[in-house]
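Chain G is already provided as a structure; the job is to place chains B and W on it using the hints.
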Amino acid sequence: MTAISSYARARAVVAGRAFSIATRRHVHLSDTPLVFVPLAMAGEASAPLAAMIGTQPDKPTLLLVPQPRNRDLRFGFAASLADIVLDYVHSCSQRVEISANEQVFLDAPQLLVPNAAGVGFVKLLGRSTRYRRTTGPYPVPPQVPLLGRWLTHLSERSEFAGSSALLAMTSALGMHWATGQSALEDANLAALLGWIDPPDGVTGPDAALAAEDPLIWPPAGPSTDPAFDNEILAPAIRAWTDAATDSPKRHRALNTLERALRGQLEPTWQLMWRAIDVLRRLPAADSVDTRWTTDRRDFSRYHQYVTDGGLPQARRDGAVAAARKLRNLEREQDLYDATRALEDPLVMANYRITGAAFQGTVVQVDRDRRVPGGKGRAVTRPLIVVSTTDPAHLAISTKVQAPTRSGQTGTIVQIDRQPDTTLVTLELSGGMTAAKVPPPGTVPEMDEHITYTSAYPESFRKVELPPPDQTPWTHGGPPKPYTPTNDDAQEVWE
Amino acid sequence: MTFDPAAEAERVTTDILADFASGRHLGVVVDSPPGAGKSTLVVRTAVSLAAAGERLMIVAQTNEQVDDLTCNLSAKLPAGLVIGRLTGSGHGVPQRLAGLPNVLVDEKAGNLVSCEITIATAAKWAFVKDTVWPWAIVDEAYQMRSDTLLALAARFERALFVGDPGQLDPFSVVQNDRWRGLTWDPMQSAVAGLLRSNPTLPVHRLPVSWRLPASAEQVVASAFYPYTGFRTGTGPGDRELSFDTRAFGRTPVDAVLAEAATSGWGFLELPARHTMRTDAEAVAAVADITRRFLDRGTVARSGDSSRPVTPDRIAVGAAHRDQVAALRTALADLPDVTVDTANRLQGREYDVTVVLHPLSGRRDATAFHLEAGRLCVLTSRHRQACVVVGRAGIRELLDTHPSAEPVHLHEPVKFPDGWAANQTVMGHLEAHSIAA
Amino acid sequence: MDNITQERLNQLRGAAGAKRHNARTVAALTGNPGCVRRAVLDAAGVDKDKLARRVGFPAKFGQSQFAITRGNSFEAQVKANAFAELITLLRDTLGLQIGEVGQTDLEQVGGNTSQEIRHTRSRQKLTGAMTNGESTFFDHPLLTLDVGGNTVYLEPDLVAFHHEGVFHVVEIKSFAVIDDQADGAKVAAAAIQSAVYVLALRRLLGDDKVSHEVVLVCPKDFSNKPVATKIDVRKQLIVLEHQLTRLARIETLVDALPPGLSLDLDNSADDLFKALSEIEARYAPDCIAKCEMAFFCRNEARGCTAALGISVREELGGVETVAEALGLADGTLVASDDQAEAASMLRATADIYASAAAA
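Chains as they are written, first to last, in numbering that gives the first Met the number 0: chain G, 0 to 493; chain B, 0 to 435; chain W, 0 to 358.
A hint or two may mislead.
[Stated by the list, open to error] Below 27 Å or equal to it, Euclidean Cα-Cα: the simulated BS3-like pairs (lysine-lysine) are:
(1) B/37 / B/413
(2) G/324 / B/413
(3) B/75 / B/123
(4) B/413 / W/172
These are computed hints drawn from the structure, not numbers from a lab.
Chain G with its partners taken away, still in its complex shape (with noise of 0.2 Å):
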């Protein structure tokens, strides 16, 4: 929870309605997004249940399991999920451009699930089909552990900061809207869209009441409500199960399980694509595009490499490759978060709460400062003075940036807190070009409105990491090389 986002719940609350956290959506969205909702067999890790899919909003397709402890009917709604996702992925890759040396598709998949439960379902069900092979004890049609790979790729992909390959829509609503409510009942999509787009004429703390009720919003999933699952899906279940093959009864009982089932997917169903219109309606921030483009570049890469007949993602991390994915995730959140402030004042309204950044008016301005540099010539140093009635916790020969004047860096000399104001003497370098006055424009004016922020991307210096082959003795030496078994085909469970 940040400060921002606290106090705009505590507006939302008296206003009935969401309060905005953001002024644009720092997500991308696709044109044509794959929407997924599934649900679970509880009980089970991620045994699925049934789904509803595509990607436009009419045209969903409904797969269900039966009789989920039939693992012919399993694999065959994973061989039927296995089309469509791989149809889509295969749309993905129509068009090519060439960039920085390399062939990096125009598009790139995007998996829309309702919740942060949903992203684990994915996971899951990636894990559960990728080692699965197409012959031996427990055979699976082929495009299944393909399925496996490519879920399982999204979901690693997912937990990059700044990647919109596969988005739980509860998490990127609430990146933009706080509402009355906590974090954890905003972990309820209908809850949530209630207060952030509410139905004329209901409020957003009753929008959110009713979106608990199982019977009026059946819940988003992958869990189904119990009482559902008690009263109306295991006597389906068992009527389908106690049908003969092919008998009338059966197609009986497989239309109620679809009614059934289709009841408590459609809402949901809707409910996503109303989300992504009201996502929609946020203007993007300028580096969406960017960090869309890292998206497709790595979607690529990994395309060719399923091409190139690559194997499935190893089970867990070995030592090297932990340590490199760490300090990605960690580059990556520091520039998603830096990035996202200085391109949102409603972010960056954060940092200047904190203090790690401040805003105010230029009241001083002494352009051609000269000083002596490192090479003992001169240098041009402008020494800049503003006012500012933010907090501005910030340390002497602490650096800071502006968001409008990126490539300038400013060096805190002074803080002189006043009774009304507090005023932070800078002295600039950069963005100025090297003559001795610095050219108009390129140094902040009088009175001039301006943030200047201590968090902001630094050039990131990659380290090396030894190869795997290569792992030192302090993390265990070199991990035995992978050799696909007859274990991860294994489909043990009755």
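Then chains B and W, alone, in the frame of chain G:
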């Protein structure tokens, strides 16, 4: 049998040197409680190896630590041997190394090949390639993250890992559970990962804290080093605080100073209230106490030698940066008094410390506030006395703290438990409590 | 707990019989120890589920039969063939040198299943095991624990495994362990429940006879095969012991209640509502996952910053209500001395928000 701290410490140190130099093990770990002479051990080991003609590298975590070690090493290194201080680009030559005759400073490791000892931060070592040193000493290895070690482990054959397991763990801005339970979890401390992958490595324990006064032995050892403990090098009466001027009446501030002088501890208890972190009353109280130590001409005696407690011998500690900022403002006229967070006070030493209790004024505690390492750092910097300021209600807070932490399979349970450590410390402080 | 307090608690509960404690409810004592309402309701043995329904705020803790079936079938499989799978696991995974393994079912004692008799038999068998040195599984032992001065029978669905003079609690759960990882919250729940059993066994047999390492048995990956993992529950034991000691102080809390207070489920919903309001609660959003009364308390907490989350409350300067926080923020409310700092922070926040939202 009387405990002879110097003999005991010497015995352990000799064991460590022998164990390491024998080359029997690829790694030797040394657990060092606060002020146990870690730096002395590092210098002694380095000198011993270098004098025997061995080439070694030294890894520390911050530039300040590197420069500290370099200075200490420079003073003890036999003539003819040179230390290479490897710096990051643009760092320049640190002031205090400039005049040292046996220290070379350079940004390129290649220019320091002639040096018997090369020293740099872990971050810098990660960019050094190709050369392999037969020996390495890794300082503050418990505060180093496991992935940081991975980036430089190829640089050495054998290493001595020295650090304090009771102080703060490394952390990350990233929250991700994917590596939890893995032996090589990159987020754990370097030593934790090292020992999980190599459980037979010897772990030595420096037995004596030379810094802490005898009055701190019981509480700091039992709270933060519950299974290993340590002894202080000095006994009761060896250390003493006295004041040149008399108290200004019977104020709570003077009372807590008196308590600190008598027992080595003091707790100024403010009335119970739920406050913001930058609780103005608490900040003022910390500042008042700090000032009073100086105004009363406090003198610190250790054994036979006494010296005045000057501003640079006092540190003020708090958990949060905004608290530190507020404290700095309150003590702006005393710039020589160190005011910092626990993170930045690690490894440093003072005569007197004044601490704003991390749980003071809080209604709820989070893992951050309960972290044992934080409280350990704050209460183990002092040679004479530690005064803690906090609002009444910390016990209640601990009592009503809901335990809601997730548990991860295969993840070793870390002791001491922060909650339990806090209970122990609070129990102790209550016995030295003065109501404000 | 003294008799007077016990009497008052019985009176508070009214006609209904006291709800029996089990490991889950004992473990729950560590969940929100600062909540007086919960402490009193639990001490009085009130059926919180029924009470929540009576006042119109039913909890949503239903269980799907699929989950129940799955759990039962997994446990049956683990215990099948005289614990064959489990023995292999304990041998291979945990390195226990196990030769012959016996089994003692302590559920029935020749048709007579009174608790006292079952408990006596359990005690006999468990203490007896220590002397005969055999490896044995003890199924459904009946243990006791002193909870707030009352002896509580714990009927664990556990298997206590005795080996070389030390007992290990074995906890069978049906959530999956995938690639050696499991849901942290579920493992935490299992850990604290197991700690309750460890505690009870220790009270019976002595601390050194019961290991602080429990064995968690779960389905491996996506199959029904079990996998065993050791869990160190020392931290959980520390917390549990502390909270159990605190329970004795329930007297002070009960004393402070208005005399004649009644939560008899036969009372009217209105009366129950009012009575509940006399007992202070400490609501936080994660109560919803842990306590049957959560929705009632949440409703009561409407407009309080705590309902928005503990960290939100802290970010709002610790101010109690949303109205107050916003009043201080826009200056319409004059800050008391205590609130001065919070007010100044809130004003700055409001100003900054306004300037940023307008941009």
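To see whether the hints hold, each was checked on the structure:
1. Between the alpha carbons of residue 37 of chain B and residue 413 of chain B the distance comes to roughly 22 Å, so the proposed pair stays at or under 27 Å and holds.
2. Between the alpha carbons of residue 324 of chain G and residue 413 of chain B the distance comes to roughly 24 Å, so the proposed pair stays at or under 27 Å and holds.
3. Restraint check for residue 75 of chain B and residue 123 of chain B: satisfied, since their Cα atoms lie roughly 25 Å apart, inside the 27 Å limit.
4. A distance of roughly 25 Å separates the Cα atoms of residue 413 of chain B and residue 172 of chain W; the hinted pair therefore holds under the 27 Å criterion.
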